[in-house]
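Chains X and E, in that order, give the protein sequences. Letter by letter, the first sequence follows residues 109 to 742 of our numbering. Letter by letter, the second sequence follows residues 73 to 287 of our numbering.
Simulated from the structure, these hints should not be mistaken for laboratory data. Accuracy of the hints is not assured; some may be wrong.
To be verified - Negatives, chain E to chain X, calculated, CB over 12 Å: (1) Asp169; (2) Tyr184; (3) Asp238; (4) Cys240; (5) Trp250; (6) Ala254.
Unchecked claim - Going by beta-carbon spacing under 7 Å, a handful of chain E positions derived as facing chain X: (7) Val109; (8) Lys154; (9) Thr175.
What the hints assert, rightly or not - With beta-carbon atoms standing in for the labels, derived distance ranges: (10) X:Pro585 to E:Arg249: 34 to 42 Å; (11) E:Arg249 to X:Asp532: 53 to 61 Å; (12) X:Asp532 to E:Glu183: 50 to 58 Å.
All figures in this text were calculated on a predicted structure; none of them were measured in a lab. By construction, the Cβ of each residue, glycine as well, lies at the ideal position given by its N, Cα and C atoms.
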Amino acid sequence: MTKRILTGNEAVALGALRAGVKVATGYPGTPSTGCIAHLLTMNLPDRHVEWSTNEKVAFEIAAGAAWAGHRALCTMKMSGVNVAYDALISIAYSGTNGGFVIYVADDPGVSAGMPEQDTRGFALMSQLPMLEPSTPQESYDLVQRAFELSERTGAPVFLRSTTAIALGHAPMTPEASVAPREIEPILEKDIHRYTKAGSVICKDQHRESMQRLQQAGIVVQEMELNELSLASSSGGVGVISVGATTPYLDAALQSVDASTRAGISTLRARTTIPFPWAEAEQLLGHCETLLVLEELEPHVERGFYVAAQRLGFSNRIIGKMDGTLSPIGEYGPAEIRRGLEACGLVMDSDSAAHPSREQTEVVLARGDGLCSAPRPITVCAGCPHRGSYLAIEAAIKAAGFDKDEVMVTGDIGCTILGMNPPFDLLWNEVSMGSSVSLAQGYVHAGLQTPVIATIGDSTFFHGGIPGLINAIQHRTPLTLVVMDNGWTSMTGMQVNPGTDIEFQDAGRRVDIEAVIRGLGPDRVDVVDAYDLGGMTRTLTEALVQDGVKVVLAQRECVIQARRRGVLAGTTSVDADACVLCKRCLKITGCPALGVAMDGESIVIDPALCNGCGLCVRFCPTGALSHAVPEGAGT
Amino acid sequence: MKTCDILLTGVGGQGVVTLGDLIARAALAADVPVAYVPSKGMAQRGGFVKVEIRLGQEAAGPRISAKGADLVLAMERSESLKGIAFVKPEGRFVLYDHVWEPTGVLLGEHEYPAQSNVLSALQESCREVVCLNPADRPSFDQQPVAANIYALGALAGSEALQTMIDSCMLQEAVVTRWPKAAESNLAAYQAGFVKGNQPIGQFLGDARNTTLERS
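Bound conformation, chain X alone (with noise of 0.2 Å):
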């Protein structure tokens, strides 16, 4: 195979290949979605993979064809551990057949929203071995080893990466991929080992859970994947490093002199769990001050002190827990550094001069005022939500109420995009699903006026149907409008079960219209996201009606639809009649509208403009016009 440039996402799409994986499936989410997504661009004919409706899903698909006997794996980000959760610690405690990987994306600085949690507090939890890459590269390499550890323990087996190494890229030169072992299915009817109906049941395989857990330190044993140098001299510093900040420590050290730097002893930790208690003893007989360099929460840490307490040993150790490190945000050379100072280290130049990452993102130091324009992230040019938040605003006013005073519960996807400016409409974000559930919250605290929820359509299949069904049950006077535009925008346009016909693998789609009305709430309206006044009207309508009712609003996301090379239309501005009024700026946020050179009209970007026409609307001298194409349109 030739050396190509390969993300750490990639990496592991190639290594679970190469290690005969059988089934891969996830659920898109930055910084995880690459793997599942490379995985779909190539003709797999023996494996199967897909994207699930939800973690969940993905997960328990992953656990049955591994029970199965075969090797699966299953991707995504760290949020979506919380909903695969339910099922995993089940597995945990079930264990497993054919090797099972769960690989998962952290994101630590949190480079696309929801809080930074930290995956290996849910491997401890379940007592399942992770595995913690610190390279593109070392993707590749441990996924192998992780499938090989899964199958030697019987434990499924977390493999995390951070943003810098799913995200990043590198050379590497992976090698050709393994068939799935030819294998019959493993049928194996044993409750006790497969259920959870009782304490027996359930205590034994706690117990087996943590035998497998203390299997797996002694497999990490024989895999050497911890990597231990000590010093040839005792009494000096240890440094432990966890995945990312590995090769900035690395390149760290390059920078003291060669003599301080043969007295620092290292480990390089590629398992938080289990707990690396060989390396950890040989450290902590070896040196006096240790500094334990991992992004997020201190787990290894904690795990130096309890193994210092256990020893008998009384090490400094520097990280987090005395206040040198941060819990928060991406670590990058700066963090190393300013660590390797506190153990008194001393490096080329001044640390002072190096503020951390964070600091150089937030904050220029600069006195005198320069800064670069705020640039908040909107939707599209042509993007139907834009539609959906201006009619949901209108009718809010139609309806007799003010917009603060109108609770808009918000969702995870591009549909949050309706929080920033020129909309400000939506008060919240929670998790895939929560805006129908949050808004019922709201209802039964007595609020008066009207209650709406909004989602996209693949947050609505993955979490969305259980708060609408409840809604119905318990008759919940709310509005609910589904922002349906085809496709898993926000992650890049993954296919979701609604998606066209024409791009679903198995030819089918699900139809969100039929789900909907199936549920039975009291009123449901399909309406065009870029018909401004009729969607308008049927949601005040909607708001001042009593019981559940759904207004799905559909159109394809622009950017596929732009893809296809559909166009809604063309907006053309008479730059004689234009006033330069900014209102269609104003109101819309369009990212195709400027002004022109001259500074005496609005201009259209033709290469971004789509031709939805919404901005024409609020043009108070017709300068902005708008045609819609024979054919086109609904």
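Starting from the known structure of chain X, arrange chain E on it as the hints suggest.
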């Protein structure tokens, strides 16, 4: 081995991520160790985009430290300010001085930084500043050439990059990527390359008062 850390900044849609990819491919072809990470944020278009590229280090962590970038290329004036904290005092800053005003600026709610202020800030931050005026971008077949390739040419004109990757390798990466647009892109690259060898100011003591050469 020599190393070179490069930071690219700009706005989504300007081809910044593509540039990172091209430089990495050229590095691969030249057998120079490379690691890079694009940060695209959440917006498809119109959001801040950044790429960090590290050349010459085996298995490098992809993040560049503050004051650690040998080269910074900014494709948009306002977003260039985000590169200041990263450029080495002895480094080089290339600005493709495109102005992409966000909506808040168009509506008069926010200030957009003036060119003179930005350039003086860039010149205070590092030794060499190259400013490319979008109006100088050449045309090929009556069409303006690709701005990002023009800027890549200017970046390639700097010694820090040339010692790592031969300019031919970068041109080859461009041609391989878009074989049909080879002529136009090479014209863009070469025009940029010439401009890249004309820094507007070298901040060496009283050079601060150098008149900015702008066409």
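Okay, the hints, checked on the actual structure:
1. Listed as a non-interface residue, Asp169 (chain E) keeps its Cβ farther than 12 Å from every Cβ of chain X; the least gap is roughly 14 Å.
2. For Tyr184 (chain E), the non-interface assignment is contradicted: its Cβ lies about 5 Å from the closest Cβ of chain X, within the 12 Å cut-off.
3. With 12 Å as the threshold on Cβ separation, the claim that Asp238 (chain E) sits away from chain X holds: the shortest Cβ distance comes to roughly 17 Å.
4. Non-interface status of Cys240 (chain E) relative to chain X is upheld: no Cβ of that chain comes within 12 Å, the nearest being about 19 Å off.
5. A cut-off of 12 Å between C-beta atoms confirms that Trp250 (chain E) is not in contact with chain X; the least separation is 18 Å.
6. No beta-carbon of chain X is positioned within 12 Å of the beta-carbon of Ala254 (chain E); the least distance is around 21 Å.
7. Restraint check, Val109 (chain E) versus chain X: the minimum CB separation of about 4 Å is within 7 Å; hint holds.
8. Restraint check, Lys154 (chain E) versus chain X: the minimum CB separation of about 6 Å is within 7 Å; hint holds.
9. Taken as an interface hint, Thr175 (chain E) checks out: its beta carbon lies about 5 Å from the nearest beta carbon of chain X, inside 7 Å.
10. In this structure the supplied range 34 to 42 Å is violated for Pro585 (chain X) paired with Arg249 (chain E), their Cβ-Cβ distance being about 56 Å.
11. Between Arg249 (chain E) and Asp532 (chain X) the beta carbon distance is about 41 Å. The supplied range of 53 to 61 Å is therefore violated.
12. Between Asp532 (chain X) and Glu183 (chain E) the beta carbon distance is about 21 Å. The supplied range of 50 to 58 Å is therefore violated.
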